[in-house]
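Colleague: Protein chains in written order, with the working numbering: chain X, 390 to 503; chain B, 78 to 186.
No lab work stands behind these hints: they were computed from the structure.
It is possible that part of the hints are untrue.
[To be verified] With the Cβ distance kept under 10 Å, some of the chain B side facing chain X (calculated, not the full set): (1) P86; (2) G118; (3) F176.
[Claimed, not checked] Computed list of lysine-lysine pairs in DSS-like fashion (alpha-carbon distance at most 27 Å, straight line): (4) X:K459 - X:K444; (5) X:K459 - X:K407; (6) X:K444 - B:K173; (7) X:K446 - B:K173; (8) X:K446 - X:K460; (9) B:K148 - X:K392; (10) X:K460 - X:K444; (11) X:K459 - X:K442; (12) X:K392 - B:K119; (13) B:K119 - X:K460; (14) X:K459 - B:K173; (15) B:K114 - X:K446; (16) B:K114 - X:K407; (17) B:K119 - X:K444; (18) X:K392 - B:K173; (19) B:K148 - B:K173; (20) B:K173 - X:K442; (21) B:K119 - X:K402; (22) X:K392 - X:K444; (23) X:K446 - B:K133; (24) X:K459 - B:K119; (25) X:K460 - B:K148; (26) X:K446 - X:K407.
[Said to hold, decoys possible] If you want the ones that stay clear, here's a sample from chain X, every Cβ over 12 Å from chain B, calculated: (27) T404; (28) E406; (29) V408; (30) E411; (31) D417; (32) D427; (33) E451; (34) G452; (35) I466; (36) L467; (37) N473; (38) Q474; (39) T490; (40) F493.
Just so it is clear, CB atoms sit at the ideal spot from N, CA and C, and this is done for glycine as well.
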Amino acid sequence: DVKVTQSSRYLVKRTGEKVFLECVQDMDHENMFWYRQDPGLGLRLIYFSYDVKMKEKGDIPEGYSVSREKKERFSLILESASTNQTSMYLCASSPMDGVNTEAFFGQGTRLTVV
Amino acid sequence: GESVGLHLPTLSVQEGDNSIINCAYSNSASDYFIWYKQESGKGPQFIIDIRSNMDKRQGQRVTVLLNKTVKHLSLQIAATQPGDSAVYFCAEREGKLIFGQGTTLQVKP
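Generate the whole structure from the sequences, applying the supplied hints.
Modeller: Quick look at the structure:
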């Protein structure tokens, strides 16, 4: 079974803290994505990566950075957490465009910043 | 910018009826579309996909229709069951996935 694993289901952090959200996939996929999901706004793309050490900004990159040192791992970093970053964060991976290009999602990390 | 949207935030259907969830997209260059289902507390799960060179694709109890002329995508669920209750997202892909806001399907017993 294909698997995308996010390190935490729930996190509570304080304003100003540096926060790391980790995502690992075991499918040898080239592409990895970070989304946040908020009521009424759907899924919004924060950053994505199409190869090791490569990254591209998504639609809402402000306040976030990412790291992809290894193909299987894609980390989302909140440099200084703020309350408006309270959200559900979803990681996904997909192979390079080809016959099957669906994305597989992790179970999500619900982050609360207090 | 480009966007993908769903027409209704909530759809309520009777168990056993057919459900139709609609989606409009704006990027005419997109050549691949996906429907996802997200149950409470879980990440989105793939349901069915369709490429732009097709106008219909069928799965088990689900059918996706693509109308490129009006840039419209729909998901039909036959004989809707309580287990179909979830949020449904359409997405278009052009390198990255762009999601709509989602439609919550409620199935009444």
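Colleague: Evaluate each hint against the coordinates.
Modeller: The hints, checked one at a time:
no., hint, result
1, P86, "holds, 8 Å"
2, G118, "holds, 8 Å"
3, F176, "holds, 4 Å"
4, X:K459 - X:K444, "holds, 12 Å"
5, X:K459 - X:K407, "holds, 21 Å"
6, X:K444 - B:K173, "holds, 12 Å"
7, X:K446 - B:K173, "holds, 11 Å"
8, X:K446 - X:K460, "holds, 18 Å"
9, B:K148 - X:K392, "violated, 32 Å"
10, X:K460 - X:K444, "holds, 12 Å"
11, X:K459 - X:K442, "holds, 8 Å"
12, X:K392 - B:K119, "holds, 13 Å"
13, B:K119 - X:K460, "holds, 24 Å"
14, X:K459 - B:K173, "holds, 20 Å"
15, B:K114 - X:K446, "holds, 26 Å"
16, B:K114 - X:K407, "violated, 32 Å"
17, B:K119 - X:K444, "holds, 26 Å"
18, X:K392 - B:K173, "holds, 19 Å"
19, B:K148 - B:K173, "holds, 18 Å"
20, B:K173 - X:K442, "holds, 17 Å"
21, B:K119 - X:K402, "holds, 22 Å"
22, X:K392 - X:K444, "holds, 22 Å"
23, X:K446 - B:K133, "violated, 33 Å"
24, X:K459 - B:K119, "holds, 26 Å"
25, X:K460 - B:K148, "violated, 35 Å"
26, X:K446 - X:K407, "holds, 20 Å"
27, T404, "holds, 26 Å"
28, E406, "holds, 25 Å"
29, V408, "holds, 19 Å"
30, E411, "holds, 15 Å"
31, D417, "holds, 18 Å"
32, D427, "violated, 10 Å"
33, E451, "holds, 16 Å"
34, G452, "holds, 19 Å"
35, I466, "holds, 20 Å"
36, L467, "holds, 20 Å"
37, N473, "holds, 19 Å"
38, Q474, "holds, 19 Å"
39, T490, "violated, 6 Å"
40, F493, "violated, 7 Å"
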